[in-house]
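Go ahead and model the full structure; you've got the sequences and the hints to work with.
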Amino acid sequence: MSAENSVAPAESISRERSASSSGNDARLGQRTTPLGLGVIQGMLITLRQFTGTYPVGRWLLRLLRLDKGDGLVTISYPEVKQQHDERFRYFPFLVYDGTKDNLRCVACRICEQECPPQCIHIVMQKDEKGSPVKAHGRTLPKTFDIDVSICMSCRICVDVCPFDAIEMDNTYEHANYARGREMVMDKDRLLKSNEYFQKIKPSESAVVDARMGAKKAKEDAAAAAAAAPKPAAPGAPEAKV
Amino acid sequence: MATRQAPLMPESVLQSDVLEVNLGPQHPSTHGVFRMIASLDGETIVKLKPCFGYMHRNHEQIAEGITYIASFPYTDRLDYLCSMTNNFGLAVAIEKLGGIPISERGEYIRVIMAELTRLVNHTAVTGFLLNDMGAFGTPLLYAFREREKILDLFESASGSRMMCNYIRPGGVREDVTDAWLDRARGIVREYPRFLDEFEKLLRDNEIVRQRTQNVGVLPKDLAVSASITGPMLRATGVNYDIRKVDGYSIYPRFNFKVPLGSIGDVFDRYYVRVLEMRESLKILEQALKDIPKTSPHLSPKGQAMGKAPRTFKPAKGEAYGRIESPKGELGFFLVSDGTPRPYRYHVRAPSFINLTILEDMCLGHKVADAIVILGSVDIVLGEVDR
Amino acid sequence: MLLPVEELKTTLEQLLPGLTLTVENSVLVVPPAQLTGVARCLKDTERFRLDYLSNLAAIDYPPERIEVIYHLYSMAHKHGPVILKVKLPRENPTVESMVPVWRGAEFQEREAYDLYGVKFDGHPDLRRILMWDEFEGYPMRKDYKHEDQDALDGNPSGSAHA
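Listed in order, the protein sequences are those of chains F, R and A. The first sequence begins at 1 in my numbering and counts up one residue at a time. The second sequence begins at 1 in my numbering and counts up one residue at a time. The third sequence begins at 1 in my numbering and counts up one residue at a time.
These are calculated hints, taken from the structure and not from any lab test. Since we're looking at a predicted model, the values are computed, not measured. Any given hint could turn out to be false.
[What the hints assert, rightly or not] Capping the alpha-carbon separation at 27 Å, the derived lysine-lysine pairs in DSS-like fashion look like this:
no.: 1; chain 1: A; residue 1: Lys87; chain 2: R; residue 2: Lys316
no.: 2; chain 1: A; residue 1: Lys43; chain 2: R; residue 2: Lys220
no.: 3; chain 1: R; residue 1: Lys149; chain 2: R; residue 2: Lys257
no.: 4; chain 1: F; residue 1: Lys187; chain 2: F; residue 2: Lys215
no.: 5; chain 1: A; residue 1: Lys9; chain 2: R; residue 2: Lys96
no.: 6; chain 1: F; residue 1: Lys100; chain 2: F; residue 2: Lys126
no.: 7; chain 1: R; residue 1: Lys149; chain 2: F; residue 2: Lys201
no.: 8; chain 1: A; residue 1: Lys119; chain 2: R; residue 2: Lys49
no.: 9; chain 1: F; residue 1: Lys215; chain 2: F; residue 2: Lys100
no.: 10; chain 1: R; residue 1: Lys293; chain 2: F; residue 2: Lys201
no.: 11; chain 1: R; residue 1: Lys301; chain 2: F; residue 2: Lys218
no.: 12; chain 1: F; residue 1: Lys192; chain 2: F; residue 2: Lys142
no.: 13; chain 1: R; residue 1: Lys307; chain 2: F; residue 2: Lys218
no.: 14; chain 1: F; residue 1: Lys215; chain 2: R; residue 2: Lys307
no.: 15; chain 1: A; residue 1: Lys85; chain 2: R; residue 2: Lys313
no.: 16; chain 1: A; residue 1: Lys9; chain 2: R; residue 2: Lys316
no.: 17; chain 1: R; residue 1: Lys316; chain 2: A; residue 2: Lys142
no.: 18; chain 1: A; residue 1: Lys85; chain 2: R; residue 2: Lys96
no.: 19; chain 1: R; residue 1: Lys149; chain 2: F; residue 2: Lys81
no.: 20; chain 1: A; residue 1: Lys87; chain 2: R; residue 2: Lys96
no.: 21; chain 1: R; residue 1: Lys313; chain 2: A; residue 2: Lys87
no.: 22; chain 1: R; residue 1: Lys47; chain 2: A; residue 2: Lys119
no.: 23; chain 1: A; residue 1: Lys85; chain 2: R; residue 2: Lys316
no.: 24; chain 1: R; residue 1: Lys220; chain 2: A; residue 2: Lys78
no.: 25; chain 1: A; residue 1: Lys142; chain 2: R; residue 2: Lys96
no.: 26; chain 1: F; residue 1: Lys142; chain 2: F; residue 2: Lys216
no.: 27; chain 1: F; residue 1: Lys216; chain 2: R; residue 2: Lys301
no.: 28; chain 1: R; residue 1: Lys301; chain 2: F; residue 2: Lys215
no.: 29; chain 1: R; residue 1: Lys307; chain 2: F; residue 2: Lys199
no.: 30; chain 1: R; residue 1: Lys313; chain 2: A; residue 2: Lys142
no.: 31; chain 1: F; residue 1: Lys216; chain 2: R; residue 2: Lys307
no.: 32; chain 1: F; residue 1: Lys199; chain 2: R; residue 2: Lys149
Next comes the structure, spelled out in structure tokens:
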């Protein structure tokens, strides 16, 4: 065993020396079977895997106690689709609470700026004079386009959104026959309800809902404090010491 | 009259010439769009020049125009088989540049992900070797079937099988659940059984031994001088593993060995990778046992950086952060000028530099050996060309 | 244990008379003409044995200079890094090639030549590596003009897509 002295805890596994007769031994990976049997063993592995792909074969392997639990793992898509985990992400979508015009997005354009491949394009809704239009007390986007062919599913738009307005969806069947307009998802196709979000991602939506609930509670408390009648002001002004 | 023997075939008529042949860029066994211009004398290689750049996507210049966090999805696509370790390398470099502390649980999760990635990569490469030698995909798919189990783990943690974009400066982007940790422990328990079978395929198979032993021998001093790192270097016998030398992250807490080869041929490189997989399993067992339960997965500075990337303006300076990726030393060289975007961003890609001595290893061998030797260098074109 | 940078500087100046080095933030700035001498000294002296060139990168600082930075480690003694830097004029950046000292510089110097235009004297095969051979210009310099990519520019809901 050779070990380097300069790096104290470094242990190394070197080749094992063996008192074998053939020439190029004294190296890693000593053969454990007699010459000629290695190829046969490899073929036996293949035979076992092949037998295991059929139900009869699996029964046979179990009988011979050779079944190792691996076998046919192929799923015949599209009849059977793989169930993905909750966190699986593919393409973003915009969240609305209740009705489609109550979307959380305020067209702040932070996601557009932070998106690495620049696949998001947002135009804020403005009236004829050029000032922003408000709905439910917030500004909103007029157009919100995301290009499917450019988006790389990195989820940075979700990370940076201050309003939890954009989340990752897990549908991946966006294939289309033409490039161009069909590969761009506009605001209508992107808007999905909060109930949908809760259905596909229960634990993540629970965190988001809790956060939004806390924010709303704080806003309500601040509004209530501002609207509460002021306490009766004393006649004498406060003297600053 | 003396009979003069006329020469049957004069020298000038049957002159053998050197044939220049393109191996690639479209070739099923060159691991990507990689081209080798080989000069052949018969079937023997007398000169071999690698020629690449077909996958050059100008990653370094893109990174100069976007924030540090926005580079993470692009690093996934560098060495696309090992996206977690690419993220890890950039995170280490950014932490060095900006002085970002790392949370304890984040460190453990990162090490778990890095070692799982090492398993994923070495399994794939060993499967590809058997494919390159003509086994037409069957052992490759056995390897990929095992790999899929780990990729499913990555999907549960990060949301994506291969382009994970998961590790962030300061920790990891999202925490893993206890159920995930149990699944990981299950996989770590089951993996050695697959490894035993696979190792048998490699070690005892006479065809594999005939085709890989004493093929593509790399001497020790040439390897060090040519800046070779990773399993290719350790197969020649040089004990240099950045996890041990630099001791970055929390690797010094784990007990693992560094497998070394002796001759530095193709067989040694593959066997070193199989032994490294076993060492990775040891690290995984220890990490999965010791992972702390109460620490957050991302330090506060990292969280702030993830939420508002433009507020991260590191001080002016340079930093070079390097990690031991499954292919070798992956380094990120960052120069900051005080703005949210890097001034200079350079990737020291192991596959790129390991190709330096491809010619030296292939000279004198046959064309089929060149494919096997290229497979043992373990390149991924995303990293070579960036 | 590797010497800290100031000691490294004084030791090198003792070993190679006529050498003047400067230290900036733990980086040794070497005059381009003396780079080979310093490199050989760092590689061959038993105390340092910096036999592993880990990284070679070029950095563009318009309009004055282009810098080339070298990160050196030692595989024999497992210490490092020692960082060397050379500052070259931007009009005709030329420096001696490190390939005779460390073979690993071969591809990295070709990349610096391809993307920044730095010429390395003594390189066995200095030609473009990532861009195609007939390409003109040095793409990663800060003043390189990009060609107009109208397919990916602008608003896709407007006119740009086919």
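Discussion item. Going through the numbered hints above, which ones does this structure break? Give me the numbers in ascending order.
Written reply: Per hint list: zero violations.
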